[in-house]
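Asker: Read off the chains here:
There are 2 protein chains.
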Amino acid sequence: MMSVIRVGEEYWLRPIGFVEKAGEVSEICIFSEYHQGLTAVEDYDKLMILFWLHLRDNPKDRSKLMTGRRRLEKEGYRGVFATHSPYRPNPIGVTVVELVRVENGRLYVKGFDAYQGTPIIDIKSG
Amino acid sequence: MMSVIRVGEEYWLRPIGFVEKAGEVSEICIFSEYHQGLTAVEDYDKLMILFWLHLRDNPKDRSKLMTGRRRLEKEGYRGVFATHSPYRPNPIGVTVVELVRVENGRLYVKGFDAYQGTPIIDIKSG
Numbered sequence: 068m069m070s071v072i073r074v075g076e077e078y079w080l081r082p083i084g085f086v087e088k089a090g091e092v093s094e095i096c097i098f099s100e101y102h103q104g105l106t107a108v109e110d111y112d113k114l115m116i117l118f119w120l121h122l123r124d125n126p127k128d129r130s131k132l133m134t135g136r137r138r139l140e141k142e143g144y145r146g147v148f149a150t151h152s153p154y155r156p157n158p159i160g161v162t163v164v165e166l167v168r169v170e171n172g173r174l175y176v177k178g179f180d181a182y183q184g185t186p187i188i189d190i191k192s193g
Numbered sequence: 068m069m070s071v072i073r074v075g076e077e078y079w080l081r082p083i084g085f086v087e088k089a090g091e092v093s094e095i096c097i098f099s100e101y102h103q104g105l106t107a108v109e110d111y112d113k114l115m116i117l118f119w120l121h122l123r124d125n126p127k128d129r130s131k132l133m134t135g136r137r138r139l140e141k142e143g144y145r146g147v148f149a150t151h152s153p154y155r156p157n158p159i160g161v162t163v164v165e166l167v168r169v170e171n172g173r174l175y176v177k178g179f180d181a182y183q184g185t186p187i188i189d190i191k192s193g
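Protein chains in written order, with our numbering: chain A, 68 to 193; chain B, 68 to 193.
You may find that some hints are simply not true.
Copies of the same chain are indistinguishable here, so a pair counts whether it falls within one copy or spans any two.
Think about it this way: if two alpha-carbon atoms lie no more than 25 Å apart in a straight line, the pair counts; the simulated DSS-like pairs of lysine-lysine are [unchecked claim]: (1) Lys113 x Lys131; (2) Lys131 x Lys177; (3) Lys131 x Lys88; (4) Lys127 x Lys141.
By construction, these hints were calculated from the structure, which means they are not laboratory data.
Remember, it's a predicted structure, so these values are computed and weren't measured experimentally.
With these hints in hand, go ahead and build the complete structure from the sequences.
Answerer: In structure tokens form, the structure reads like this:
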């Protein structure tokens with residue numbers, strides 16, 4: 068059986084917003100173009116956030132397949148797919164946060180450890 | 068405060084493998100270029116798989132911000148971010164599967180509902 072998926076193919080993503088403020092309660096600003104997509108999101112207590120690990124979006128970090136020395140000493144020799152390391156070929160972070168409130172296209176969430184300026188690429192609920 | 072993240076920015080992804088066989092136990096083939104990244108992945112019972120919803124990777128489906136009529140009748144008017152719908156601006160699926168075994172860069176997993184030919188973009192463990 069032939070596969071039509073090839074190793075060098077590329078898919079593109081665009082940010083739907085970004086982390087405007089990081090803290091105990093983080094503020095996520097969603098671009099106005101995407102506000103309609105937030106309809107009824109306030110019905111949920113928990114949201115899954117997908118974000119772009121922009122500080123690791125460079126050729127060197129994206130080519131790492133093994134974890135670094137610090138992790139090696141603690142956990143032994145591991146591939147990046149056996150971790151949640153931010154160094155990975157496709158630097159996407161996934162986290163489940165607690166939704167505090169939604170206001171004018173801004174989400175206020177608890178339990179989000181992404182830095183200020185981090186691009187948001189998706190939100191899933193339910 | 069100015070943000071440096073803009074609505075039209077683009078980030079790229081490349082597949083690390085694809086679903087070779089879909090079923091009760093699905094087979095995921097990882098490209099040989101990425102095999103090293105699987106080191107120690109067999110230590111885990113559960114894996115989080117990120118995959119590209121390739122059947123929805125087209126301008127029409129990526130521009131939908133509200134759910135369709137069938138869902139409307141069942142759940143009311145909802146934005147895509149208030150769902151797990153495959154129609155979304157960045158068509159990435161996330162699922163947690165049970166790892167059955169790893170063999171020659173192939174992962175055999177239970178509980179993965181992606182179609183044959185679906186590109187895999189990331190695996191996270193632990």
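Asker: Take the hints in turn and mark each one as holding or not.
Answerer: We went through each hint and held it up to the structure:
1. Lys113 x Lys131: Between. Shortest inter-copy distance 23 Å satisfies the 25 Å Cα cut-off; intra-copy 32 Å does not.
2. Lys131 x Lys177: neither (31 Å within a copy, 28 Å between copies)
3. Lys131 x Lys88: Close neither inside one copy (29 Å) nor across copies (28 Å); limit 25 Å.
4. Lys127 x Lys141: Within one copy, since 23 Å is at most 25 Å while 47 Å is not.
Hint check: violations occur at hints 2 and 3; the rest are consistent with the structure.
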